[in-house]
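Chemist: As a plain string of letters, each chain reads:
There are 2 protein chains.
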Amino acid sequence: MAIFSKTCEYAIRAVFFIAQKTSVGTRVGIRDIAAGIDSPELYLGKILQDLSRRGLISSAKGPNGGFFITGEMLNQPIIEIVKAIDGDSLFVGCGLGLKQCSELNPCPLHNEFKEIRSTLTSMLSRITVGEFNDELIGGILALRKAEDDLPFNNKKKSK
Amino acid sequence: MAIFSKTCEYAIRAVFFIAQKTSVGTRVGIRDIAAGIDSPELYLGKILQDLSRRGLISSAKGPNGGFFITGEMLNQPIIEIVKAIDGDSLFVGCGLGLKQCSELNPCPLHNEFKEIRSTLTSMLSRITVGEFNDELIGGILALRKAEDDLPFNNKKKSK
DNA sequence: CGCGAAGAAGACAATTATATCTTTTATTGT
DNA sequence: ACAATAAAAGATATAATTGTCTTCTTCGCG
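Read top to bottom, the protein sequences are chains A and E. For our numbering, count along the first sequence from 1 and bump the result up by 121. For our numbering, count along the second sequence from 1 and bump the result up by 121.
Treat the hints loosely; a few may be bogus.
It does not matter which identical chain is used: a pair holds within one copy or between any two.
Distance condition first, Cα-Cα at most 35 Å in a straight line; then the derived DSBU-like pairs of lysine-lysine [as the list claims (entries may be wrong)]: (1) Lys235 to Lys182; (2) Lys167 to Lys266; (3) Lys167 to Lys182; (4) Lys220 to Lys182; (5) Lys127 to Lys235; (6) Lys266 to Lys127; (7) Lys127 to Lys204; (8) Lys127 to Lys167; (9) Lys220 to Lys266; (10) Lys182 to Lys127; (11) Lys204 to Lys182; (12) Lys167 to Lys204; (13) Lys266 to Lys182.
Hint data in this document are derived by calculation from the structure and do not stem from the laboratory.
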C-alpha cells in the first residue's frame with residue numbers, strides 16, 4: 122500500500138505534466154501525456170475524463186485539441202486531485218478503520234494520526250498544480266524516467 | 122484509500138487486543154478477538170495465522186488454547202505489523218509511484234514526502250504492541266464500539 | 001483412549017481497483 | 001460538406017483485495 126492509489130498517482134503526474142505543457146502554450150493529447158508520465162494510455166484516458174468532468178482540467182476535442190489547464194486552475198492545490206480520485210478517507214478517517222473513533226472514544230493511534238494527517242493535509246493544500254512548471258521544463262524534476270530514456274517518437278508530435 | 126489496508130487495520134487492532142488480554146493473563150480465541158475488535162471472524166483467522174507464522178503473535182491449539190503475546194513481543198513496535206501485512210511501500214516508495222524517483226532524479230513531491238514518511242516511520246517505530254494495555258483495560262481507548270455496545274455474549278468466555 | 005475445543009490450511013466467492021477495447025461525438029482545417 | 005483528429009463514453013477484461021466456507025490437525029482433559 123502506497124499513500125495514494127495508482128489511479129491517483131497517474132492523475133497527479135498527469136496534471137503536473139499538463140500544467141507544464143500549458144505553461145509553454147500547447148495543448149497535449151492523451152498519447153503524449155501517457156508517454157510523458159509513463160502510464161497506460163487508455164487507462165489514463167478514463168482518469169483524465171474524470172478530472173475534466175470535475176473541472177480540474179480542461180479539454181478540447183478535434184485537431185489541435187487536447188488537455189490544458191487554465192490560469193486559475195494552476196493555483197489549485199493538489200489535494201483537490203487526491204480528494205477527487207481517492208476521496209477524503211486519507212484526511213478524515215480513523216487510522217485503524219474504526220468508524221466510531223473520536224476524541225471521546227479514541228483508538229490507540231488517534232492522537233498520533235492527527236499529526237500525520239495534518240502534515241499531509243497542509244502539504245497537499247500548499248502545493249499547487251502549476252508550482253513545478255519551471256523545474257519540470259528545466260528537467261530538474263521528473264514525472265517519468267530521465268529525459269534521455271524517452272522513446273524516439275516523443276518529438277514527432279511537436280507541431 | 123486509507124493509510125493502511127483493511128487487513129492491516131484488523132491486524133493492528135487484533136494485536137493490541139491480544140496484548141491486552143495477555144497482560145491480564147488469558148489467551149483469547151478468534152471468536153472473542155473478532156467480537157472485541159469488530160472484524161469478520163473467519164477473515165481474522167487468516168490474518169492471525171499469518172501474524173503467527175511471522176512470529177508476531179503466538180498461538181496454542183486445543184482446549185484453553187488461543188492467541189497470546191509473550192513478553193518480548195510486547196515491546197515490538199507496530200511498524201513490524203504494518204511491514205508484515207502491507208509491506209514497506211509506505212516507507213520507501215515514491216509518493217507518485219515513480220520507480221526511478223531519487224535524490225538525483227526527484228519527482229515534484231520528493232522532498233515533501235520525505236517528511237511525511239519520516240513522521241510516519243518514527244511514530245510506528247515508537248509505539249509498541251503492549252503500550253496501550255492499561256488504557257484499553259481501563260476503557261479509555263477503544264478497538265471497537267464503546268463497551269456497553271458489546272453483544273451480551275462477550276462475557277461467557279471468562280474462564 | 002477418545003471427545004471436544006481450538007487453530008491451520010486451502011479452496012472458493014465477492015468486491016474493488018486497474019486496465020483495455022470499441023464506438024460515438026465534437027472540432028478543426030480544407 | 002468532408003476528412004482527419006482527438007476526446008467522451010460505455011462495455012468488458014484482468015488482477016488484487018477482501019471475505020467466507022469447509023476440512024484437517026493438534027492439543028488438553030476426563
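Chemist: Which earlier hints turn out false for this structure, listed by number in ascending order?
Modeler: The structure breaks only hint 1.
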